[in-house]
Amino acid sequence: TQLLEQSPQFLSIQEGENLTVYCNSSSVFSSLQWYRQEPGEGPVLLVTVVTGGEVKKLKRLTFQFGDARKDSSLHITAAQPGDTGLYLCAGATQGGSEKLVFGKGTKLTVNP
Amino acid sequence: DVKVTQSSRYLVKRTGEKVFLECVQDMDHENMFWYRQDPGLGLRLIYFSYDVKMKEKGDIPEGYSVSREKKERFSLILESASTNQTSMYLCASSSPVFLRADEQFFGPGTRLTVL
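In order, the protein sequence lines correspond to chains V and A. So for the first sequence, our numbering puts the first residue at 330; every next one is plus one. So for the second sequence, our numbering puts the first residue at 74; every next one is plus one.
None of these hints come from the bench; they were simulated from the model. Fair warning: this is a prediction, and the values are worked out from it, not measured in the lab. One or more hints might be untrue.
Claimed, not checked - Here are the simulated DSSO-like pairs of lysine-lysine, each with C-alpha atoms no more than 30 Å apart in a straight line: (1) K143(A) - K91(A); (2) K144(A) - K436(V); (3) K388(V) - K399(V); (4) K143(A) - K428(V); (5) K126(A) - K143(A); (6) K128(A) - K428(V); (7) K436(V) - K130(A); (8) K385(V) - K76(A); (9) K399(V) - K385(V); (10) K91(A) - K128(A); (11) K386(V) - K76(A); (12) K76(A) - K428(V); (13) K126(A) - K436(V); (14) K388(V) - K76(A); (15) K143(A) - K86(A); (16) K128(A) - K143(A); (17) K428(V) - K130(A); (18) K144(A) - K86(A); (19) K126(A) - K399(V); (20) K385(V) - K86(A); (21) K436(V) - K386(V); (22) K436(V) - K76(A).
What the hints assert, rightly or not - On the chain A side, residues computed to face chain V include the following (Cβ under 7 Å): (23) P134; (24) E135; (25) G136; (26) L172; (27) G180.
Unchecked claim - Far from chain A, some chain V residues (derived; all Cβ distances over 12 Å): (28) S402; (29) N440; (30) P441.
Glycine included, every Cβ here is placed at the ideal spot set by N, Cα and C.
Chain V on its own, in the form it takes in the complex (with noise of 0.2 Å):
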């Protein structure tokens, strides 16, 4: 069974903080996305790295894919109380596979 191992499973922080999410397997994923879901919603898709070593910025947030493709970080700059969310990573296991494997996320509060 691939498993996805998210840590810290929960941070809370002050406004203005950067912080750093780490999602990591020791199986090789083909693709690696990153989900944000409020409470009550269903998760939102932020982001699909694929190469290793990929990173890729949507404006605060950084992520980058492992070189070996088995490994994930998310890192947010300056953190504002509308980071506060439930961070999910998810792995595809094949090229194109339609199944993820979900990490048991990280619940992250900013306070302003």
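Guided by the hints, dock chain A onto chain V, whose structure is given.
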């Protein structure tokens, strides 16, 4: 924008009842999924469908069945609801034709409570 809708946001049922959860997507996506989400366990795949009348078991299919009679609609059925099926149920869709097959679009979820 892709829109995935689920028939109910909140549902309360009694043990032993037959429960239907409906999901509709409006973007002609081939693939549809049902997950349940529980604290500490993350999202777990219940069933997956890649075409009308086609289905595949996910990681936790026991106690559930599905139906996909039309491309846009994917139903999850709890044949005899039990208290351990109390959970948040999420429907998702994706398209290997129009988009990346691995990018899934989720509905808002149905929070089911079984008493």
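Evaluated hints:
no.	hint	result
1	K143(A) - K91(A)	21 Å, holds
2	K144(A) - K436(V)	34 Å, violated
3	K388(V) - K399(V)	25 Å, holds
4	K143(A) - K428(V)	21 Å, holds
5	K126(A) - K143(A)	8 Å, holds
6	K128(A) - K428(V)	13 Å, holds
7	K436(V) - K130(A)	29 Å, holds
8	K385(V) - K76(A)	25 Å, holds
9	K399(V) - K385(V)	17 Å, holds
10	K91(A) - K128(A)	20 Å, holds
11	K386(V) - K76(A)	25 Å, holds
12	K76(A) - K428(V)	20 Å, holds
13	K126(A) - K436(V)	37 Å, violated
14	K388(V) - K76(A)	24 Å, holds
15	K143(A) - K86(A)	26 Å, holds
16	K128(A) - K143(A)	13 Å, holds
17	K428(V) - K130(A)	11 Å, holds
18	K144(A) - K86(A)	28 Å, holds
19	K126(A) - K399(V)	35 Å, violated
20	K385(V) - K86(A)	44 Å, violated
21	K436(V) - K386(V)	21 Å, holds
22	K436(V) - K76(A)	25 Å, holds
23	P134	13 Å, violated
24	E135	17 Å, violated
25	G136	20 Å, violated
26	L172	10 Å, violated
27	G180	5 Å, holds
28	S402	18 Å, holds
29	N440	22 Å, holds
30	P441	25 Å, holds
Violated hints, listed in ascending order, are 2, 13, 19, 20, 23, 24, 25, 26; each of the other numbered hints is respected by the structure.
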